[in-house]
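For chain A, the structure is supplied; the task is to place chains B, C, D, E and F with the ligands on it using the hints.
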Amino acid sequence: MAKTDIGPPDYKQFLPPIIRDNYGKWRYHEIVRPGVLKHVGENGDVLYTVRVASPRLLSTDHIREICDLAETYCDGFLRFTSRHNIEFLLADEHRVAPLIEELQAKNYPVGGTGHSITNMVHTQGWVHCHTPATDASGPVKAIMDELYDHFTHMDLPAHVRISLACCLNMCGAVHCSDIAILGIHRTPPRPDNSRLPNVCELPTTVASCPTGAIRADMKNKTVQVNDEKCMYCGNCYTVCPAMPIADPDNDGISIWVGGKVSNARSAPMFSKLAIPFLPNNPPRWPEVVAAVKNIVEVYAAHARKHERLGEWIERVGWERFFTLTGIAFTDKHIDDFTLATETFRTTTQFKWG
Amino acid sequence: MAKTDIGPPDYKQFLPPIIRDNYGKWRYHEIVRPGVLKHVGENGDVLYTVRVASPRLLSTDHIREICDLAETYCDGFLRFTSRHNIEFLLADEHRVAPLIEELQAKNYPVGGTGHSITNMVHTQGWVHCHTPATDASGPVKAIMDELYDHFTHMDLPAHVRISLACCLNMCGAVHCSDIAILGIHRTPPRPDNSRLPNVCELPTTVASCPTGAIRADMKNKTVQVNDEKCMYCGNCYTVCPAMPIADPDNDGISIWVGGKVSNARSAPMFSKLAIPFLPNNPPRWPEVVAAVKNIVEVYAAHARKHERLGEWIERVGWERFFTLTGIAFTDKHIDDFTLATETFRTTTQFKWG
Amino acid sequence: MTDSKTPLLDELEKGPWPSFVKEIKQAAEKKPAAADLLNQLELSYKDRIGHWKHGGIVGVKGYGSGVIGRYSDRPDLFPNVQAFHTMRVNHPTGWFYKTDALRKLCDIWDKHGSGLTNLHGSTGDAILLGTTTEHLQPCFDDLSEAGFDLGGSGSALRTPSACVGPARCEWACIDSLDICYQATMTLQDQIHRPMFPYKFKIKVSACANDCVSAIARSDLAIMGTWKGRIQVDPAEVRAYADAGLDIRGEVCDLCPTKCMEWSEADRTLVIHDGDCNRCMHCLNVMPKALRPGKERGASILVGGKAPIVQGSLLSWVIVPFMKLEPPYTELFDLIARIQDWWDENGRSRERLGELINRLGMRHFLKAVGLPAVPQMVKHPRTNPYVFFWPEEIDKKEVK
Amino acid sequence: MTDSKTPLLDELEKGPWPSFVKEIKQAAEKKPAAADLLNQLELSYKDRIGHWKHGGIVGVKGYGSGVIGRYSDRPDLFPNVQAFHTMRVNHPTGWFYKTDALRKLCDIWDKHGSGLTNLHGSTGDAILLGTTTEHLQPCFDDLSEAGFDLGGSGSALRTPSACVGPARCEWACIDSLDICYQATMTLQDQIHRPMFPYKFKIKVSACANDCVSAIARSDLAIMGTWKGRIQVDPAEVRAYADAGLDIRGEVCDLCPTKCMEWSEADRTLVIHDGDCNRCMHCLNVMPKALRPGKERGASILVGGKAPIVQGSLLSWVIVPFMKLEPPYTELFDLIARIQDWWDENGRSRERLGELINRLGMRHFLKAVGLPAVPQMVKHPRTNPYVFFWPEEIDKKEVK
Amino acid sequence: MPTIELAGKSYEVDEDGFLQELDKWSEEFAEAYAHVDGIEGPLTEEHWRVINYLRGYYQEFGIAPMVRKVVRETGLDLKRIYELFPSGPGNGACKLAGLAKPTGCV
Amino acid sequence: MPTIELAGKSYEVDEDGFLQELDKWSEEFAEAYAHVDGIEGPLTEEHWRVINYLRGYYQEFGIAPMVRKVVRETGLDLKRIYELFPSGPGNGACKLAGLAKPTGCV
Ligand code: SRM
Ligand code: SRM
Ligand code: SRM
Ligand code: SRM
Ligand code: SF4
Ligand code: SF4
Ligand code: SF4
Ligand code: SF4
Ligand code: SF4
Ligand code: SF4
Ligand code: SF4
Ligand code: SF4
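Residue numbers (my numbering), protein chains in the order written: chain A, 1 to 353; chain B, 1 to 353; chain C, 1 to 399; chain D, 1 to 399; chain E, 1 to 106; chain F, 1 to 106.
This is chain A alone, in the form it adopts within the complex (with noise of 0.2 Å):
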């Protein structure tokens, strides 16, 4: 039988040598041209990082080419992101150029550095999970594609992390991104009173639910769901399999702005609702596309440097940011969960547009 408990391989056996001996030890670093980040030791040993977008998913050949380029260039060294683009590992500053010659000519986007869009968080979608109300890696392949300018250019005013999740589970974590695509459902779960006797634990599907819609009915060892009080969160389908949710005309996606992580200048910040509601159009949602694109030019037309989207929209005012998208601002902007009434204006500082 396998051992267990042994744990990942330790890193530090995949660190190549330049970063063994100056682990700890770096004094600066430079972008020097988008994609390409120039770390300099404080013994003024100088490590380059060539940066390049991947799809994420990956098929095992195309890994294979990667480490081919690993191989020739960088000793067999590389790493990948927190966002999932591929960073090749070098050395040797000779290298750098004809490693994103060969890069290009197959086809990598080598960027994703400084103040640019890099690559996109993103998660199953119709790919292998079972509650998506959008696919994941249709969406990010349509916008990218259309933003593409942007992962290779560093022309904006600050980072610009995009993010997708497909269900309200969010494992895109997309809750803190400037701009975050989520798949939403906006008709209510169908309980399968047949099976859910057998398949579902009734106490837990009752907890599950955040605005407490569902009822349990006891002598039928099934649940009632009160559809006026359900805003199709899809989470008693997760915990109770005979609520299936997903409805093909009713499916699609929401958009919403402004969040950040890092604490620089200003706090990590949750991202807002800035579109309810956009059909899902595959293969190539134009809808959606054309949203982000929006948005991102309005800001990058508008907001100075160094500042997030979300600290433009901020400084500006949320009014300002209706009136310059152009987006529609609807009832369903404003929260009624929990803790709606610390969103609601208590102040007459507002600007009329």
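The hints are all genuine.
No farther apart than 27 Å at their CA atoms in a straight line, the calculated lysine-lysine pairs in the DSS-like style are these:
#1 Lys12/A with Lys323/D
#2 Lys46/D with Lys30/D
#3 Lys106/B with Lys25/C
#4 Lys106/A with Lys22/D
#5 Lys294/C with Lys25/B
#6 Lys3/A with Lys61/D
#7 Lys106/A with Lys25/D
#8 Lys294/D with Lys12/A
#9 Lys3/A with Lys111/D
#10 Lys305/A with Lys288/D
#11 Lys24/F with Lys219/A
#12 Lys293/A with Lys22/D
#13 Lys323/D with Lys227/D
#14 Lys30/C with Lys106/B
#15 Lys395/D with Lys229/B
#16 Lys106/B with Lys22/C
#17 Lys305/A with Lys258/C
#18 Lys30/C with Lys46/C
#19 Lys395/D with Lys53/C
#20 Lys111/C with Lys30/C
#21 Lys305/B with Lys258/D
#22 Lys229/A with Lys395/C
#23 Lys22/C with Lys46/C
#24 Lys46/D with Lys293/A
#25 Lys14/C with Lys293/B
#26 Lys293/B with Lys305/B
#27 Lys79/E with Lys69/E
#28 Lys258/C with Lys288/C
#29 Lys38/A with Lys288/D
Hints are computed from structural coordinates only; laboratory data are not their basis. Remember, predicted model here, so these are calculated numbers, not experimental data.
Chains B, C, D, E and F with the ligands alone, transformed into the frame defined by chain A:
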């Protein structure tokens, strides 16, 4: 029988002629000295207002004395302010000095304008209410004796509004005051099971509890209090006389800071807990007086001009506030009611103290 | 020590601030009730506890509100405050008085009550502090005769109040006094005959300085504001600068939207009015140089209240701008729709703000017929728990 | 049009961004499962709905986690994805690889699975995407042989992750990689054998830039910081200025605490470190000139998570500063106390943050033995609903 | 606690005249007590409509109904109710109906 | 839905082998099914302690107990439970005990 629904007397008959002439046509004002406002109309008319402190609890004879003054100097016109001060309204500049002279001779404090501490909004306390955790008039008198010079001098960075409410009903609306003094109970109510069934509505009593600490005991037509869930708000007593909560040994005062109402510069803000508990120590509440004075003095020493107490704290940070005032921070300062998570620090941005 | 019967309270006659103890003693000279109040209060100071019984429900004929019943829990010791009810007299709007009216009040109260008052209660009423059940009706009769009426209490509309506004303030963007007075007169029935789930408070401030704390203390706050450019008098701006005002530091730097620029060189102030949120700060500092814009009206906010039960609320913007001219039809219609929805849906002791919070702002807006606008929120929702109306959903049969 | 069986997906082969469709097609050349994945996905694109059944609970011997079971709802059409489970392989800390290790993974996956992967999952695992129940155990055996182990799933500790930190970043205030690796190794049992009320995530960022989103995505976030003065190299500051950086505008004005002053005249930068909240902005803009202070450690935060059930939470500061040096005893002891309290009190599917919220921070702090400090809050409470501990109350008998 | 004598029976009431032993209520109590609250003559059908509604509601839900409900369910507008019970539905009608004294909001 | 034959009876189970008609569970089912989950030999007293605890809890509360509870109440530590049920308490023990398939957190 008396005529009903006649409403209050029409205020217009009580406006002095100069106000009637300049109604809605004032051009600007100046504070010519603490307690004396000079309003100039578009047509050049000048109205003087002399503001004096009032204990709010006034005897009819004292009111008659005030009337005498108003008749002597103001043709019988006067008003009261939203913070219970008395304002003498004079069209004639020459009567201002004599009025002030007589006021001072009679020990009426003149002041409360501009960057001063004006009168304390407060409530009934032991004088007339049934739920107080402290007295109202007594602490007000003791505090204002101590802060007297800040009433008669405009020597603070900005307005400082101090209010007092003798229980959590907050009739003094202390929830948005620069400094709030709030009477609190600290022991749970003691249901009187013999009286309760006849004098209380069970559902109302149960619903009155913000933390769900009360359970109806249907059989005995009474209620049970879960002491661990009770935070002594007294609301159950308000609706159910058979649940007395006053407790001389544990009732007392808490101090709150940093609230404001105006929209000037910053949006209105709630007051925040500074000191969870100080004992009821009549007749002069020395601990409370010292605590308030300390906060005022630390604020006066550190804030910038025009900076309200809460604005100053927001700028320097709460950790700095606690350090500078020497007030102890405790677990009681950390919210645990429904919106608690909104107050937790969700950033590594903080100071060491 | 003296042989005073009130050694503790006597301490509070000392010191420069006016003493409420002196007031009670003054009234006590004529009124046994005031004397017993003093004595009972001394006992409270000794015991550190109040000596009033719970509640009390008394009133005058035809009204369900306006009187707060109160009984001593030691009538044995203090028989003259066995019953000691207060009457809430609706103050003249803006708390303006002529002395003859005030004197009349005093006379009535000397006739029927303790001779003690609060000018004013924190809702704004002239409070007549302490009388017996028997005196209530005659006292009311005399008040009515003198042109006064009672204010609100209980689950009623409470006495509305207003800042001094146009009567004495250069910043008034609406006629706070007239609006308040008209509301008071129009809604008399609501004041005197409780019929709501709980209390309802209306306050009117004629600008964002909010001198009656409308935003914090009323279920419905009416706050003056303007559209368009702040009126700038450049000469007066320069005069302030000449007089030593640090315009950059004290004005521009404190402008919350940073929409002001002061050029020291050419001594001019530029305001980017499109970014201004009308906070009032610059006008407050330079009243002689800056005036509100010319198109004036009010923002309407709802929901403000003290903490019981769900926690304090500051009022929420529901109408960013409403023109307000007599007879204020749009305003009173809106108030009626709001109260109607609240009265229909509210639980007992549920304030308007709590009801909106419980049912959701979208239901409130739909019911009262207001459009959703970004000015209603600090920021849009952060949680994805979004409801759609049935009519927004594709009705195709779900497989 | 072509006669492709996947016309919709084919559209996604176009355009400059790398195409996941190409990846699937590449794998499909060798693997029928990948081919059926493509076909099923095409159907989803047509139907606008997923075609996977709910859940699935499969695994390897001795582990309760690491595998996500998945079954097609159209096995009739796509028999090769009838079962299509993913294996979560714990990534090497920092996502560093040598190619030989990566190639080994690929070989194993070609042998046992679909030939498709996610590098990496959003928790950080190397995800092997799609195999059958029968292959799980042999695949795990091979992985183990090659030195790999599974990551977390279910109500377990999830695979911890860390920013690149000291390996390649000048700002690392702690050894994020070592801490993460030690935590992963020490807590193996918690990763493989679910025993908590729900999932538990740990992430480590070596500075406040938080390159692994620890504050937003982990129940326990460890974030590097420093005490004392930012190290300033005045010559390099001047060099930035000479190179055209607008130090006042781009650095000082954006400093959230406004604790920096740049004097254009004598070309010096003054930092009032006592006011600095270590936001990182100035260091980010001038990495060559500014470095973190010398006394380094971490802030510990808890409670972060996505919205289900109570709404998203960002993590909360519970320890402003902790020195972190191997063997990190203080840290691991604290984690143990936290988990113990959570495990003991948590309801099923209740994350740590939700439990703290339900029971109150004071109970949490008392149980894990941490003192209350102002750094824990944005501001003290605004509601007066304050609990006192029994021992704080005067026990004298209440009359 | 004061005691009050009505039609030969004695009742414990509080200072405001509210019955302190709710189970002692009877129609005779209400009739006899009406004058105390300024109602002249015997109770009419309309009085009883209000009283009966109040009692029924209280028995069912344990609370007094809100005023809007009383108006709607009895078909009597507020003005009429104040004519019937000069001290109003809370002080007057509830007292005669033998409900617990309304509290809460005063 | 697959069907499985055990000791002469047929049961409907899902892909993961979880019983789809919970009332069909019997001790025989558990005994016969044990091998499927890699348990060698007949079920021991320790196995039954876990199974009975799970069933009792499920019957009382309608949910499966949390792992910490199982450990505490059966007196068997987690290591031992994995020895008894190699695929763990959720996949292994619940399956034999005839509980609904654990969902939620995967
Ligand atoms: C490689 C990576 C860490 C890793 O372990 O994988 C990384 C690496 C660096 N980050 Fe980061 N960050 C990485 C994800 C993040 C994230 C997480 C995320 O986006 O999911 C954040 C938080 C984002 C947010 O706030 O929403 C992040 C916020 C920052 C910031 C703060 C930016 C800001 O102003 O808010 C900096 C500072 C800066 O760039 O000026 C920074 C700076 C850096 C530096 C310059 C640090 C250094 O000196 O080496 C590295 C190169 C940055 C660049 O791309 O220009 N890194 N960085 C991650 C690359 C992701 C990618 O492929 O694009
Ligand atoms: C008389 C009164 C209105 C009334 O109808 O009774 C009044 C009158 C004036 N207020 Fe006020 N305010 C009055 C209560 C308030 C309140 C309400 C309260 O304190 O309960 C507020 C909100 C307080 C808060 O924010 O917590 C208030 C916030 C202001 C402000 C904004 C101050 C700020 O910077 O936050 C101004 C502007 C200023 O003074 O620069 C202001 C300005 C003024 C001006 C200058 C308006 C004018 O041009 O005439 C008046 C003289 C102010 C002075 O005292 O220096 N008034 N003012 C109230 C006097 C109360 C008293 O006796 O002291
Ligand atoms: C007299 C007055 C205090 C004063 O000394 O000025 C007062 C006195 C009482 N208030 Fe008040 N409230 C008074 C203004 C307020 C205010 C301030 C305001 O109106 O601007 C508030 C906070 C604002 C608000 O309404 O939210 C206020 C919030 C309360 C509450 C809590 C209401 C809530 O929803 O949170 C109660 C409790 C209740 O309604 O049961 C309450 C209840 C009471 C009662 C009736 C006690 C009770 O529970 O039955 C007090 C009677 C005292 C007595 O014996 O005379 N009183 N009460 C004020 C009315 C005078 C007047 O008419 O002018
Ligand atoms: C694979 C992955 C998405 C991806 O494509 O990267 C993923 C996939 C699933 N997540 Fe997740 N989560 C993944 C990272 C996350 C993250 C991000 C993170 O860890 O940083 C989050 C948000 C952060 C958090 O934990 O709060 C996340 C929040 C959830 C939730 C909501 C949890 C909550 O407390 O709000 C669920 C629902 C649940 O647990 O029942 C969930 C549930 C699921 C399930 C198991 C679906 C379910 O309900 O049973 C998904 C299985 C998909 C599949 O078929 O493979 N997943 N999930 C990520 C794990 C890969 C890895 O191990 O590296
Ligand atoms: S976000 Fe939802 S649909 Fe997407 S992978 Fe996560 S759980 Fe599945
Ligand atoms: S989808 Fe969400 S809101 Fe609707 S019933 Fe299920 S758990 Fe409740
Ligand atoms: S604050 Fe409380 S105690 Fe004071 S008057 Fe109001 S209700 Fe009475
Ligand atoms: S005092 Fe407040 S918290 Fe305590 S039982 Fe009464 S209502 Fe509940
Ligand atoms: S609220 Fe505005 S208009 Fe009214 S008195 Fe105060 S400053 Fe003047
Ligand atoms: S009113 Fe306020 S926001 Fe507008 S310009 Fe003046 S200071 Fe700025
Ligand atoms: S979190 Fe800080 S230390 Fe870690 S990689 Fe990012 S910038 Fe560097
Ligand atoms: S780290 Fe941030 S807060 Fe500190 S000095 Fe630099 S910019 Fe200012």
